[in-house]
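Engineer: Go by the hints and put chain W onto chain S.
Quick note, the sequences are listed as chains S and W, same order. Start counting the first sequence at 122; every next residue gets the next number (this note's numbering). Start counting the second sequence at 29; every next residue gets the next number (this note's numbering).
Each computed DSSO-like pair below joins lysine-lysine, with the alpha-carbon atoms no more than 30 Å apart:
#1 Lys226(W) to Lys153(W)
#2 Lys370(S) to Lys328(W)
#3 Lys306(S) to Lys347(S)
#4 Lys306(S) to Lys328(W)
#5 Lys399(S) to Lys370(S)
#6 Lys347(S) to Lys227(W)
#7 Lys226(W) to Lys440(S)
#8 Lys227(W) to Lys440(S)
#9 Lys296(W) to Lys509(S)
#10 Lys452(W) to Lys184(S)
#11 Lys211(W) to Lys184(S)
#12 Lys509(S) to Lys158(W)
#13 Lys296(W) to Lys378(S)
#14 Lys328(S) to Lys370(S)
#15 Lys370(S) to Lys301(W)
#16 Lys184(S) to Lys270(S)
#17 Lys296(W) to Lys399(S)
Some chain S residues near chain W, calculated using beta-carbon distances under 8 Å:
#18 Leu161
#19 Ile171
#20 Arg175
#21 Asn278
#22 Val281
#23 Gln282
#24 Glu344
#25 Lys347
#26 Lys468
#27 Ile499
#28 His502
#29 Ile508
#30 Phe510
Treat the hints as calculated values from the structure; they're not laboratory data. Each residue gets a CB set at the ideal place from its N, CA and C atoms; glycine is no exception.
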Amino acid sequence: MFKDFSSYLQENSFLGASAYYFLSLPLVIQIAFVFIFVALIATLTAYGSILMRRYRGYRRDQKLADILPRIDQLLTDHIILNDGLSQNIPVEEIELPLDEFRIPLFRTRENRQMLIDRIVNYKKSFTGSIGALLRQLYLELELDKVSAKKMKSAKWNRKVQGMIELTDMDMSISDVNILPLTNSKNRELRAEARNAYIKLSKNEPFKFFDVVTEPLLMWDQIELFKTITTTEEIAIPHFARWVTYSSNKSIVSFCLKLIVHYNQQDAAQAVIRLLDNKDHALRADAINCLGKLRCEEAEPRLISIYSNQPLNCQIEILKALGRIDTGENIQFLRREFLQSSDFDIRKNAAKSLIKIKSVPRSLIDELIETGTAENQLILKHCMNPLIKF
Amino acid sequence: MEQTSIWENIGHIYESAVFIYGTTLLITYALLAGLSSLAIRAYLRKNSFVQYENMLGSPLTPGVSVIAPAFNEGLSIISNVRSLLTLNYPRFEIVLINDGSTDNSLIQLIEQFEMVEVDYAYTVKIRCQKIRGVYKSTNPAYSRLLVIDKVNGKSKADATNAGINVATYDYFVCTDVDCILDKDTLLKLVKPVTEEPKKRIIAVGATLRTANSCDIDEGVVTRMRPPRQLLPRFQEMEYIRAFILGKMGWSFLNCVPNVSGGLGLFDKEVAVKAGGYDALSFGEDMELMTRMCRFAYDNKIDYAIRYIPETLCWTEVPATTKIFMRQRTRWSRGLAQLMYAHKDMLFNPRYGRMGLVIMPYNFFFELLAPLIEITGIIYYIIALCRGAINADYAVLLLAFVYTYSIMITTFSILWDQLAFRHYKSVKEVVLLCTTPFLEFILYHPMNVIFSIRGYYYFLTGKKHSWGNMQRQGFGNKTVTRKVAV
Chain S
122 MFKDFSSYLQ
132 ENSFLGASAY
142 YFLSLPLVIQ
152 IAFVFIFVAL
162 IATLTAYGSI
172 LMRRYRGYRR
182 DQKLADILPR
192 IDQLLTDHII
202 LNDGLSQNIP
212 VEEIELPLDE
222 FRIPLFRTRE
232 NRQMLIDRIV
242 NYKKSFTGSI
252 GALLRQLYLE
262 LELDKVSAKK
272 MKSAKWNRKV
282 QGMIELTDMD
292 MSISDVNILP
302 LTNSKNRELR
312 AEARNAYIKL
322 SKNEPFKFFD
332 VVTEPLLMWD
342 QIELFKTITT
352 TEEIAIPHFA
362 RWVTYSSNKS
372 IVSFCLKLIV
382 HYNQQDAAQA
392 VIRLLDNKDH
402 ALRADAINCL
412 GKLRCEEAEP
422 RLISIYSNQP
432 LNCQIEILKA
442 LGRIDTGENI
452 QFLRREFLQS
462 SDFDIRKNAA
472 KSLIKIKSVP
482 RSLIDELIET
492 GTAENQLILK
502 HCMNPLIKF
Chain W
29 MEQTSIWENI
39 GHIYESAVFI
49 YGTTLLITYA
59 LLAGLSSLAI
69 RAYLRKNSFV
79 QYENMLGSPL
89 TPGVSVIAPA
99 FNEGLSIISN
109 VRSLLTLNYP
119 RFEIVLINDG
129 STDNSLIQLI
139 EQFEMVEVDY
149 AYTVKIRCQK
159 IRGVYKSTNP
169 AYSRLLVIDK
179 VNGKSKADAT
189 NAGINVATYD
199 YFVCTDVDCI
209 LDKDTLLKLV
219 KPVTEEPKKR
229 IIAVGATLRT
239 ANSCDIDEGV
249 VTRMRPPRQL
259 LPRFQEMEYI
269 RAFILGKMGW
279 SFLNCVPNVS
289 GGLGLFDKEV
299 AVKAGGYDAL
309 SFGEDMELMT
319 RMCRFAYDNK
329 IDYAIRYIPE
339 TLCWTEVPAT
349 TKIFMRQRTR
359 WSRGLAQLMY
369 AHKDMLFNPR
379 YGRMGLVIMP
389 YNFFFELLAP
399 LIEITGIIYY
409 IIALCRGAIN
419 ADYAVLLLAF
429 VYTYSIMITT
439 FSILWDQLAF
449 RHYKSVKEVV
459 LLCTTPFLEF
469 ILYHPMNVIF
479 SIRGYYYFLT
489 GKKHSWGNMQ
499 RQGFGNKTVT
509 RKVAV
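If we strip away everything but chain W, and leave its shape as in the complex, we get:
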């Protein structure tokens, strides 16, 4: 009898905790939806009269190094580099890092861009694997291109660090060589840096979208489409929600938790002093951002991270469950690693918003969310077996969560449509709008399971192996290559 009452008490405490947790999460989402709307509207109003061409001929425009690591990208590397070279900006360099590719990437680059090895003096500010050679083109048309050939460091982080060591300018843009960038990417990423009156802008991010079903011509997205396949379409929906609603909302509060590894502009001095990318991290982009914020707080730098709602980068997302699983397992493992490494920042007022808002949010609503969901399901099953579930109420609460999640995702699609009217036809928008209905049943459970898998790997220290990422390629070539997924 006494034992039963203990279990009941535990049950009550758990239910109350989950209730508070769920309510806080729902309120947070509602707040983010409101704040992102304000942030997007402010951005659009502020930028409606901007003449970016003023930057093009100006000697005052800050220089930017575009750092693009590549590993076995031989099938598409030439067209990707050509695409990067067409970026619309007056002062920039492309630092392409051949991260010990085992294919003919380097030979192709040397032949196509008339490159020769040069004696290049640089100082190693961040540790990385040995640079075997630096190449410059003898053709003035490719004078912006610098190719680094280095020993494979088994991570994008190591390759990017090598690029940062060699980069010339005070700001660097980090991207993947297979990402497609909008031609005005640099102009738009640099603008927030140049218009900030008091704070030091340490990073600027922009919206990423999936390239899977887009029409692409010569490295330029000529027509955006939501992916035809369901899994990539789920990811398109998720990207819209994360960037348009989440990051814009956080940006309004100057609480951006992360700048995506696919595209981000960074203050080189702060990035270097913070130690650069961590080659051992599975979520190197978020890890660097956290360390840069930490450095800023430790050194009393009044910093800001800005996000812009415009889509400036398209990337091919996993189209198969196997690849998707690897990617999400890696991400969640990275999150666990990050929270463990920076646990002292959690609720630490010394780290301001980072310690009191971003880290607690990441801890409770990113790291713990899958665990709470799993325990919730187990608790639910036990209660069901014990006949302690009121089926009507349970269905009602499920309907509540379901309708709420659809509403939030639909809002993010609405913000996107109101601001940018992406996609050519209504059919495509309708197709995307139907995707949230299945998310709850198909996509979300997958994410929970893969996250738990990531945490398990983190706890057991399982060695991460490089997976084969089968890409369709933007020229309809199927490319199989090893990437960190």
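Just chain S, same shape as in the assembly:
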């Protein structure tokens, strides 16, 4: 095969000979040739990209190592150790040395972003007057406009970035801009918009609970829970409102958790009504909520529905009886412990029996003495303070 190439070369230029030679090869060999060429180019490009990535990373590390200490120094000198703050001058009356920050270093987009990131980072660490002064600096340097511009970007990640910066700096975003985003198709944008809305909305921070159509995922709930429970000056509403009226199950489930967190006893009636809900997961959440609220009036209802419930709801009822601790259902728990064939039912009944203060020690002793080996083990397990579950 390769010998033939020389014969082509005698009659043609090198390129022409190569072309004729290539076309004379079988198709499979032609494909192999092309792939070898592509693979070599791709591999070399990959090496180049790796080196480029390493170099860029190295340069960025160097830059960070150079700029961050300078930003830290500026923030320490002019914000944290600000003379006005030590003299108890109100924050809004303090004149900031803006020229110190308006240096050529921060004119590039990348470096300005580093400054924003650092100010946001400091704001998270400092509350009170230092936090307010950081906010003032952010405003006076017009960095809020940089963040607001990101919110107008077509890219969702830029939007999220802008929103996070504005919320972390306690800047207001109009409801008109943010409310539509709480139902965005992009999950990350939607979640961040909801967080921002709760944190920044001046009117009704929980308004999106009324309009939300997409389910609140567990992750969204974790983030929202953190935002709601840590945001200062937020008017906590009666969550029973959504428990009663919302058709979004995830909103109802989330509100039940908030009812427990804020111990909203007046929500008990709304929660009890949920016991008729067809969704057993939601019913289990409602029972859990009633138990944690220690809602005594729910006890007879829980006992009455017990036999018709699936296992997860039955277990929640047993736990709730232990938490409510009225002592009126000791015999019910005893019966479940002795008669149930399900291990988890017996274990949870035993746990509640141990938990209820009015259960006489003699009853526990009697159960231990007369119980089967497994029941004895369950009781000992539940009585052991080293074992939590």
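Structural biologist: The following block gives chain W in isolation, referenced to the frame of chain S:
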């Protein structure tokens, strides 16, 4: 004359079959490279603003049981458990299973962590060897730790099943006690479970890397390095390719074939209902995953398995050919066992992507690959003897396969570098980039031979013996212990 033409016909059919097979494999790799790139980019973009600390103080964070079986790990067990106890997560327990160790592992645990035997009630949902005792610490600092002492079940699967029986929470993370986990492992593994809108996440995996040459301080990897020795470095390269390129690509299609036994988060209910780990399997992690998928299909559970590209676990890989051979023989035997046990799933539309994508891929490109390679070599030698080989074309085709394999492996290293820029110096990356050049000549043939050995053991039913795995240990202590390799 007639006989010759039959052989020629057979030869043509074989050549065509191998051509189609090879082309499909190459296209699959190219697709995986593209899809993994998309999956990694999507992951990075999605997680660039994530604040994991939101999970830390939240009562809504799901609880996780970390199950870590240990057998004769006395020399390192205390530091390994201490490392696990430092995991960054609000609701978790460590279930450490002392699988009938013959050394002083249990005594050390009792003394170091102030443990006492407790009356622990549990129900046996999955069969396992008898649990001799359950221990809890009297020191509140170690309240997350639960130690199970059980009769040796001669497999990690049996020990893990015991741990699952005792585990409290709805999700469990399965790991090896000698694996080093990133401190945010649980936060990162749980996140995909909490952000899935419709499907039920039955398992989440993450990237594993070799710990052989890494700098490790108090159970924490302080500096990642590619292994200095060639054999472990081959494995580092293979892990990058398998996790970053392979599993991320499959994850994009919701077709993850396996979640590694070194680190994986599982839905306990599905795992238990699927029957837990098979103590008789040689590839128990893949076997469980297959059974969990099968259970999900049989019960019409719309499930998903997720993979995350971040390295969350480091493990010491075999550094000698002997240990490596045992490990790979065991793995290939496990694969053969799995394919045989679940042969009815192959091309079965009832099992959706599992039956139509994962199982056929495993069958053709994992199970059959070594056999096709061996038959190919034999065919090649015969053809060479008969003078039926065009040497120029043969060299060219070999060069094609060689350059292509280097390209695919280099891409996986590139994805890893673009996403995470692991390793401190360029030298280390260059060292890793040179490794694929030798893979074709040294590492791949070894894998083929050990795989064939595994299939032979599977067919002959050879009894598997527990081998001595000589580990260097993370504290530079050389530890010899019996593990399933």
